[in-house]
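Chains as they are written, first to last, in my numbering: chain A, 63 to 474; chain B, 63 to 474.
Identical chains share a label here; the pair holds if one copy fits it or two copies do between them.
Listed below are the simulated DSBU-like cross-link pairs for lysine-lysine, each with C-alpha atoms no more than 35 Å apart in a straight line:
#, residue 1, residue 2
1, 245, 359
2, 440, 343
3, 343, 359
4, 101, 173
5, 392, 239
6, 440, 392
7, 231, 101
8, 101, 239
What the hints contain is simulated information worked out from the structure, not anything from laboratory work.
The model shown is predicted, which means the values in this text are computed figures rather than measured ones.
Listed here are the chains, written in short residue letters.
There are 2 protein chains.
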Amino acid sequence: MSNTSIDASRLLGRLAELGAIGCDADGRLVRLAASDADKLGRDRLVAWIEAAGLELAIDRIGNIFGIWAPDSTQDRAPLLLGSHIDTVIDAGIYDGCYGVLSALEVIETLKASGFAPSRPIAVAAFTNEEGVRYAPDMMGSLVYAGGLDVETALATRGTDGSLLGDELKRIGYAGEKEPGFLKPHAYIELHIEQGPVLEREGLSLGAVENLQGISWQRVTIEGDANHAGTTPMTMRRDAGHASARVITFLRERAMASNTQTVATVGCLEFQPNAINVIPSKAIFTVDLRDPDEDRLKEEEAALARFLESLSAEEQVTISVERLARFEPVKFDEGIVATIEAAARARALPCRRMTSGAGRDAQMIARIAPSAMIFVPSKGGISHNPREFTSHDDLVAGADVLLDVVSTLTQEE
Amino acid sequence: MSNTSIDASRLLGRLAELGAIGCDADGRLVRLAASDADKLGRDRLVAWIEAAGLELAIDRIGNIFGIWAPDSTQDRAPLLLGSHIDTVIDAGIYDGCYGVLSALEVIETLKASGFAPSRPIAVAAFTNEEGVRYAPDMMGSLVYAGGLDVETALATRGTDGSLLGDELKRIGYAGEKEPGFLKPHAYIELHIEQGPVLEREGLSLGAVENLQGISWQRVTIEGDANHAGTTPMTMRRDAGHASARVITFLRERAMASNTQTVATVGCLEFQPNAINVIPSKAIFTVDLRDPDEDRLKEEEAALARFLESLSAEEQVTISVERLARFEPVKFDEGIVATIEAAARARALPCRRMTSGAGRDAQMIARIAPSAMIFVPSKGGISHNPREFTSHDDLVAGADVLLDVVSTLTQEE
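Model the full assembly from the supplied sequences, consistent with the hints where possible.
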C-alpha cells in the first residue's frame, strides 16, 4: 500500500477546523467533556462521519463510532482506530483529535481507493479522556473496556457540580448502544508523542510497544516550626529540608538506574511558609512511572525505605497516601512489528518506544490486541497552545496508519 | 546586691495583667503597633510608671520612657533598660513585655531600697518592634538611634492602609520629645531567648554578646514545564529539583561549618504545581545568619557560586533578589562580663550566646554600649500562645538585671 496516501489537505484542514471550535472568551481552546463546546466538536465529527458514508453509533457513555462495514465483513470483529476529541483548558489542537481525524481519513482513503477489507474498520472518539471536568480520565474507553460500570460513570459529579449523565443527555450524546457493543479485533491509536524523544533523536515515528505503569503518592513530612535565627542547625526538625532530600533522592536514583524509570515531584507546599520560620510541614506529590511492573514496585519500595530512614535521621514524622496506581500495559507485538515494517517501507526513521502518559489504548488493551503510533511533538510540549507537530510528520503518521490498517485487514 | 531581690509577685502579676490586655474576638493576644489594643497596653504601662513615681516622657515616634533621675544625677546620661510591648498576631505574653516590666520592676526595687544611683535609670518601651502592621520592624528603636528619619517613619503606610503618624495621634501617643532626646550611657535589654539553647543545655541565663547579621534573599529558578510521564530524566530542566539541591546544599554547608551560621529555606513555591508536570519555576527564600560579618559575606558568596554552577549543570535560569540585609552587632564586652559576674554571684548557670533574632538592642547599640540578657524559652517556642518561661527563670533574670543595674550605677 506504500503507493497510496491519505488526503493531506483534507486531514490538515479538518484538524485546523476542529481546533477552531470551542474557543472561550479569552481565545483559549477549551472543549471539556460533555460541555457545550464539546457538543460543537462532536457535531462536526459526526457530520464528517456521515458525509464519509460510515455508520454512526453512539453508546451510553457518549463514545462516538463511525463504522465502515462492507457487506462481506458484517460477521467479523472490526479493526478499531481512535482516540478522543475532548481537551484540557487552553489546549493545543493535536492531542487526541489527530488520532480520531487520521482514523477517519484512513477509512475514507481506503473506501475511496476501492480497497476491500477483510473485516469492518471503525473510528472511535472516546468520551472524557482528559478527565479535567469529570474524574477519572480515560473514562469513555475505561467504561467501554468494562473497567468501570456505565451507571457509576454517568453518576460522576463534575468539578462544576454537574452530573456527566445529565450533561451527555443535554448535549444530545447519551447514546443507546451498550459500551463494548462493538468487540474490536484489534485497536490502533495514532497520537502525538507529548514528549521530546522523537524530536531530539530526529525520528519521524514511534512504534509504541508498551505504556508506563503509574504510581502517584502524596507524602506529608512533619517537623517543628522554630525560629530561623534562634534555632541552631543541630536542633532543627526541618520538614522542608527533609522534603528536599526526598526530591534529590528520587532524581539521583532515577538518573543512576539506566532504566526507563521516571520520578517527578510536581507539587510541593511548605507550612507555615514564612521566611524566618523553619517549615513544620512539607506536603508533596511523587509521580513514579515505569513500563515494568516489578521495577515500578521496586521504585515504590525504595522510596518507602528511604522515607523510613529519613524519618529516623531527621527526626520527622512521615505519612504517605496513595493517590493513583495503574499497572504498565504491554501492547501487541504483532501490531508493533507491523508499524515498524510500514515505517521502514516508507523510509521513515522509527523507533520502538514507551508511552509515558495514559491513553485510551491502555484501556482498550484490556479487551483487544492494541498498539499506538507516535509522531513528534515540537519541544515535547502539549496541553498548551504551543503544542505543534509539523505537517510532514502529521501526514507521515497518517500514511503509516493507512498502511498498517490495510495490512491488518487483508491478512486473512 | 545579691541579697536584694525584685518583687516576684508584682512582676509576674503585671506580666499576666498586661498579657490579658488586647485579646481579640477569637481569644488571641493581638496588640499590633498603634492599634486600640496597643493603646490599652500603653495606658496600663504608663499608669504603672506614674504610680512608681517616675518621670513619664513620650517621643514623636511613640516610644514611652519612665525616668528615675534623683536630683544628684540630673546632669548625667541615664542607664537605659527596655524592650517593647507591641505583639504579633496570636502572641505569647513574654516577648518584649518581660523586658519592659522587669526594667520597671528593677527601678522600683532600687528606688524602694534607698539605693542612690550614680546616674538616672530609665525604662523604655519602643514602638513597633514586631513590624507586623508597619514595616520595618524595630522601628521605634531604629528611629531613636537615628537610623530612620522620624517624618519618614510616621508616614509609613500599614498593612491596613493606615498611617502610623495618624494612628499614634489617634491613640494619644504622638509625643513631643524628639527621638534620641535621652542619650543613654548604656542600654540593657532582658528578653526571653525565643530559641531552644538555654533549655536544652539546662542553663538559667544567657549573657548575649552579639547579634547575628541577617541576609534575606529570594531565589527564582526557571526550567521547563514538561510532562512527568513522557520526558526522560536526562531531558528535564526541573526547577523543583534544582531548588531541592539548593536546600540540601545550604543545610549541608551550615552543618559542616562548625560555626554559628544558620541557613533556612522557609518559603517555597512550585509552578505550575501539578502532580504530573515537571516544575517550570521554583521560588524560594534563603535566610542566612551569622554573628560575623565576614563569614556572613562568605556564606552569601558560597550560595552565589553554588547557584552559578547549578544553573550550568541543570540548564536552568536563576535570578536572586535581595530582600533584607543587616550587619551583625557586637555588644559591649564590659556589660556582658558584668552580666556573667552577676549570674555567677547568684549561682545561676549562664553562658555567653548570640541573639539569632533582631532586637531593639541592635538599634540602640548604634548610640550606646549595649548588651542583652536571655532567659530560657520552653521548647524554643515564641510568637505563639505556647510561649513560656518558668516563674523561677523569669525572676532569676530580673534579679540579675537588678544586680547588673546596681553595679553599673554605683561604679563611678
